[in-house]
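Chemist: Here the protein sequences come in this chain order: A, B, C and D. With the numbering used here, letter number 83 in the first sequence gets 83, and the count goes up by one each step, no holes. With the numbering used here, letter number 274 in the second sequence gets 274, and the count goes up by one each step, no holes. With the numbering used here, letter number 172 in the third sequence gets 172, and the count goes up by one each step, no holes. With the numbering used here, letter number 292 in the fourth sequence gets 292, and the count goes up by one each step, no holes.
Please note that the accuracy of each hint is not assured.
What the hints assert, rightly or not - Label-pair ranges, simulated between beta-carbon atoms:
#1 Asp35/A to Gly26/B: 23 to 33 Å
#2 Pro51/B to Ala160/C: 35 to 45 Å
#3 Ser129/C to Glu252/A: 33 to 43 Å
As the list claims (entries may be wrong) - Covered by chain A, according to a simulated footprint, are these stretches of chain C (three or more residues, beta-carbon under 8 Å):
#4 87-94
#5 101-115
#6 128-136
As the list claims (entries may be wrong) - With a straight-line Cα cutoff of 30 Å, these simulated DSS-like cross-link-like pairs (lysine-lysine) come out:
#7 Lys163/B to Lys313/A
#8 Lys163/B to Lys29/A
#9 Lys29/C to Lys313/D
#10 Lys313/C to Lys163/A
#11 Lys163/D to Lys313/B
#12 Lys163/B to Lys163/D
#13 Lys313/A to Lys163/C
#14 Lys29/D to Lys313/C
Hint data in this document are derived by calculation from the structure and do not stem from the laboratory. Being a predicted model, the structure only gives us computed values, none of them experimental. No residue lacks a Cβ here, since even glycine has one placed at the ideal position from N, Cα and C.
Protein chains: 4
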Amino acid sequence: MIWLTSDNASAVHPVIWEALSAVNAGYAKGYGGDDACQSATAQIREVFEAPQAEVLFVTTGTAANALALATLVQPWQSVLCHPTAHIQMDECGAPEFYTSGAKLALVAGADGRIEAAALEALLCAQEHSVHMVQAGALSLTNVTEVGTVYSAAQTAQLCAIAKSHGLPVHLDGARLANALAATGAAPADLTHRAGVDVLSLGGTKNGLMNVEAVVLFDPSAHWQAQVRRKRAGQLASKGRYLGAQFDAAFTEARWLEWARHANAMAARLDAGLRAREIAPAFAVEANIVFVDVDAAQVTRLEAAGVQAYGEPKGAGQRLRFVTSWSTTASEIDAVLAAL
Amino acid sequence: MIWLTSDNASAVHPVIWEALSAVNAGYAKGYGGDDACQSATAQIREVFEAPQAEVLFVTTGTAANALALATLVQPWQSVLCHPTAHIQMDECGAPEFYTSGAKLALVAGADGRIEAAALEALLCAQEHSVHMVQAGALSLTNVTEVGTVYSAAQTAQLCAIAKSHGLPVHLDGARLANALAATGAAPADLTHRAGVDVLSLGGTKNGLMNVEAVVLFDPSAHWQAQVRRKRAGQLASKGRYLGAQFDAAFTEARWLEWARHANAMAARLDAGLRAREIAPAFAVEANIVFVDVDAAQVTRLEAAGVQAYGEPKGAGQRLRFVTSWSTTASEIDAVLAAL
Amino acid sequence: MIWLTSDNASAVHPVIWEALSAVNAGYAKGYGGDDACQSATAQIREVFEAPQAEVLFVTTGTAANALALATLVQPWQSVLCHPTAHIQMDECGAPEFYTSGAKLALVAGADGRIEAAALEALLCAQEHSVHMVQAGALSLTNVTEVGTVYSAAQTAQLCAIAKSHGLPVHLDGARLANALAATGAAPADLTHRAGVDVLSLGGTKNGLMNVEAVVLFDPSAHWQAQVRRKRAGQLASKGRYLGAQFDAAFTEARWLEWARHANAMAARLDAGLRAREIAPAFAVEANIVFVDVDAAQVTRLEAAGVQAYGEPKGAGQRLRFVTSWSTTASEIDAVLAAL
Amino acid sequence: MIWLTSDNASAVHPVIWEALSAVNAGYAKGYGGDDACQSATAQIREVFEAPQAEVLFVTTGTAANALALATLVQPWQSVLCHPTAHIQMDECGAPEFYTSGAKLALVAGADGRIEAAALEALLCAQEHSVHMVQAGALSLTNVTEVGTVYSAAQTAQLCAIAKSHGLPVHLDGARLANALAATGAAPADLTHRAGVDVLSLGGTKNGLMNVEAVVLFDPSAHWQAQVRRKRAGQLASKGRYLGAQFDAAFTEARWLEWARHANAMAARLDAGLRAREIAPAFAVEANIVFVDVDAAQVTRLEAAGVQAYGEPKGAGQRLRFVTSWSTTASEIDAVLAAL
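Can you make the complete structure from the sequences, with help from the hints?
Modeler: Written out as structure tokens, the structure reads:
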């Protein structure tokens, strides 16, 4: 079977496995007080050129996003995000839960990216009144949900608009490694140097085992974030098994290497499709490829043992293929052959 | 170093490690749809003689307890629990968060156990009025926080009182394996046959890696529980790494074997203390031993590299020693020598 | 000054004042146990032909709407409403607060009314998945926020769609009297006979003093609603001053008489505008008139002492005029003269 | 019938009625922008010698308390209060609702007053840890629920302890007028000069019609409080009917005059009881008298048409008599005759 439904269908990377094995001996201080968590935090600070940043490990991307947002908005405010954002479409209201009732307000834009003019217009039209929910934060997603990427300049532009209206910025970076691999930008340039205040830093979709990090570039929210994590049941007692994974992934920039591989596999699929005169639904900039298919293609893919995530689209379906560290060229070629 | 601060300071049991390695290959369906989760669920149903039960895996005991309680009480009700209960003392308000504001109401009793007469009196005195928070559920903890154990009969008595007043019952079984090992009771007899509706079934403190299970003996709350788990950011995408652990622990009743070992180590500590005419603060019935110590003893323990969890007590301290699958007889003997 | 900003800028109707005076003597049972509340409830049941209905008085329309919705949806569900709905635009997230985090999902339609086809399409496209917020209730507003009215048939059509997907229906009837006056429909036909489960029944905008009613046509949510009202600080201790108002308004169908007057004043404004070849922005069907004006008109209105609620619209403004029981023909004529 | 169940069983004072009538003409700006609200706010600032204070009117004491507390504590903190406090016993979890899940932690003390030593001990014992709910605010009640009064010095002592641990202080002053009448203290001395940060200032129990005020001595929470009030459905649109009442009550210090009358009636009851050698259950310091009665006394009171609030107490009952502006000497004498 060839699973391209999501990058979380893959196993844990062997290098991560080794790192987990290495910490699996003897006793360790619980709740993140262990050496592995400390080392992972130090590495993240260094790679992001953010010595003051605070890092909190959690077990899902949903928890990372919702926890991050809860530190930025009050219950009576809204989070501005794209209509396709994971926090809007795929988290069953987790942001509303963690924030005690904040709203998500949608800002449109082509190709999964928020349009700067739309953001500016929405914020300028906003009346300061006790009768209306006020915008409280901006949330971006990079890689976007349709597989496109924000450049550092695009990120900075949107952050600048948000900041000029007093809003802090969250970045859902479940696939930030893929965005970094795609743009070649420095981690700092896609995040805090562009104006991002809190980052959800993905692990699970890049070869790790159920671990994500919330990176607070502004450390003043650290205590609040720690308490919120605890209340959410997200403070793992055996913290070493979380920290060790990020520690290993950030050693020798492996996380970017794995993301580059995933992107390359998506590019191979993209190129193959175009060679067959099939245009993906969105520009393939990272590790996600959307293709509109008909019933015959669906049948052939099934016959080839290919699993993709599909949604009804006209008479056929729009399929999503997501590549990962473990995707092979032959798997991609099998998909192409079936299409 | 000898860590007896908590049973979660131990590493993951080698058998669990092997099971994790075994599922770490190829692709798997995400979010609990994998084979390991299915198999673990089947085993839990069989061991608890509860074929209709639904099982949800989460990553912490706090999440398990808070999620379980949220399925039982409305925001305007209270959860009755012992003043020492983990949900009251150690979870930073997670139950209040997950339940959207329910209260915890305390019912006292000696030795960490709720007294039946006190429970009955509180419920009989309660006025049915819109002005007062009404009791919504009973929460028991077995092993209790002071290391004592509820027998099946004691559990059934308290559940019967709760039920006669219309309250469902939650059991915090973070150390249920130790209670089962201590009492020799059948899992069903300490839980649903005694009247427990929802169980927090511990894994992490018994050799597993950051995984617990919520067992709904009444499956009617299954959808609600699934949605609440998702909203709480507790639906792990790579579910196989959670399910595989319970699957392995329940194979050949290993979870009980490990608990029996932990209990035996605590009994060894208890016996050694009594031989030295030191009385533990509470009856040692499972894997927890509380001892009141003076400054000299603290110094000797530190010199011996023994870590225990301490609270101020008079001129000295009350220390808590918790044994686990990995505690050795020589570690216990070293503690005894230092005391 | 001529205040047409909102129907809540008017004073309390003299008949209501008399009724308030009549109960202002001696002692009365608190918290709604008084005779006036009982009598008002009986009248509402009779007028709505709903003998089983339960009625709860609260002090604002925001509280009525949010309380009503909280009885219908779970925190992990959404309320479907029109983009202009008061619950979406004007209540600062009160529904999100009362429901502990439910979302509002928007369903468009012309003239302030939800389009049946759009509602059906949204509900049919919805995937039953733990990852997505599921629709939990439909909320209609009659009179709509733009001054149009749903007929009984239109209401029934939308309710039928909602019901076919398992959703209960809320009606924001802050101006229900005006809708009844406009359509001539029986109260039952615009509400429970059409499929409405819970009604926010307006008082304040129709000559009453800070009082609204939540009418539960399905009485099974009565206890929950009572508790939620108490927790929200909406259970007034001197309940007689709330009940007496509805009691008086429903005597001899005065509430409809006052609404008919308000509607007639809006119709007069509409007719006068059309005579001047000014087209209101929306069909004037009840007591609200929107007019797009230029700077000169704004100046003349100000000079005439006319207050209206305005929003920027192109080079000028879109003004909202709302008539009430106290609006006079000469006030309307003064507005027309200024325009 | 003689109603002494609560001071909210009385009607609205004639002076208040006159003031309400006076504003019931013509149009007024909504939502507190009217002249009466402005004037009432100015008077409260002057009487409390707090020119910077911000005042928000709400419709119930429960809303005032819960709103006040929500501005002081985070969801993960606790409010320290006496076990008899209204917020703990009589508000159905409203504080938990408004604060999104904060806990109430109880601090005991004789005669309904928090004991300073107990407060100090609790705060000193508190461990700063992410695992435990941390104290976030102190809430006092004056007049206490048993009818005793805190002096200015007692208030200041408790506030000082709270402040030394970084906690702000809330005062539930549903009967503050009675406490001021009893102590002769200046309003500032029983509140902000003693260290109170936010005051729930009662109206309803002192002759007003369903209106209370939240007084923020620290105005920095003003916006937050306004938004929270709106979200709670507590921003009355016809604000003039709220403001006019406080405006009239504070004119010529009438609110204190009415409270003095109520206190005098309670003193008359107290003196009469003692003359009959019946000792009230608590010192009678304001307008509340608790008396333990037997079945024969209950029967005689019923025969005399006396209504009191009772709770079972041994073979008999503990009755609560609360006097108000409208209680007469002959009513008190009738109670005494029946006892």
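Chemist: Is the Cα-Cα distance between Lys313/C and Lys163/A 30 Å or less?
Modeler: Distance of about 27 Å is within 30 Å: holds.
Chemist: Count residues of the region 128-136 of chain C with a Cβ under 8 Å from any Cβ of chain A, then say if the count reaches three.
Modeler: Per the Cβ count (4), the hint holds.
Chemist: Do the beta carbons of Ser129/C and Glu252/A sit within 33 to 43 Å of each other?
Modeler: For Glu252/A against Ser129/C, whose Cβ atoms are near 39 Å apart, the range 33 to 43 Å holds.
Chemist: Is 23 to 33 Å right for how far apart the beta carbons of Asp35/A and Gly26/B are?
Modeler: Distance hint for Asp35/A, Gly26/B holds at roughly 32 Å.
Chemist: Check whether three or more residues of the region 101-115 of chain C sit with their beta carbon closer than 8 Å to a beta carbon of chain A.
Modeler: holds (count 4)
Chemist: If you draw a straight line from the CA of Lys163/B to the CA of Lys29/A, is it 30 Å or shorter?
Modeler: Between Lys163/B and Lys29/A the Cα gap is close to 41 Å, so the pair fails against 30 Å, i.e. violated.
Chemist: Is the hinted range of 35 to 45 Å satisfied by the C-beta distance from Pro51/B to Ala160/C?
Modeler: holds, 40 Å
Chemist: What's the verdict on Lys29/C and Lys313/D, does the C-alpha distance respect the 30 Å limit or exceed it?
Modeler: holds, 24 Å
Chemist: Hinted pair, alpha-carbon criterion (30 Å max): Lys163/B, Lys313/A. Please report holds or violated.
Modeler: violated, 52 Å
Chemist: Has the region 87-94 of chain C got at least three residues whose CB is nearer than 8 Å to a CB belonging to chain A?
Modeler: holds (count 5)
Chemist: Below or equal to 30 Å on CA atoms is what counts here, so check Lys163/B against Lys163/D.
Modeler: violated, 44 Å
Chemist: Taken at face value, is the distance from the CA of Lys163/C to the CA of Lys313/A at most 30 Å?
Modeler: holds, 27 Å
Checked against the numbered hints above, the structure breaks hints 7, 8 and 12 and satisfies the rest.
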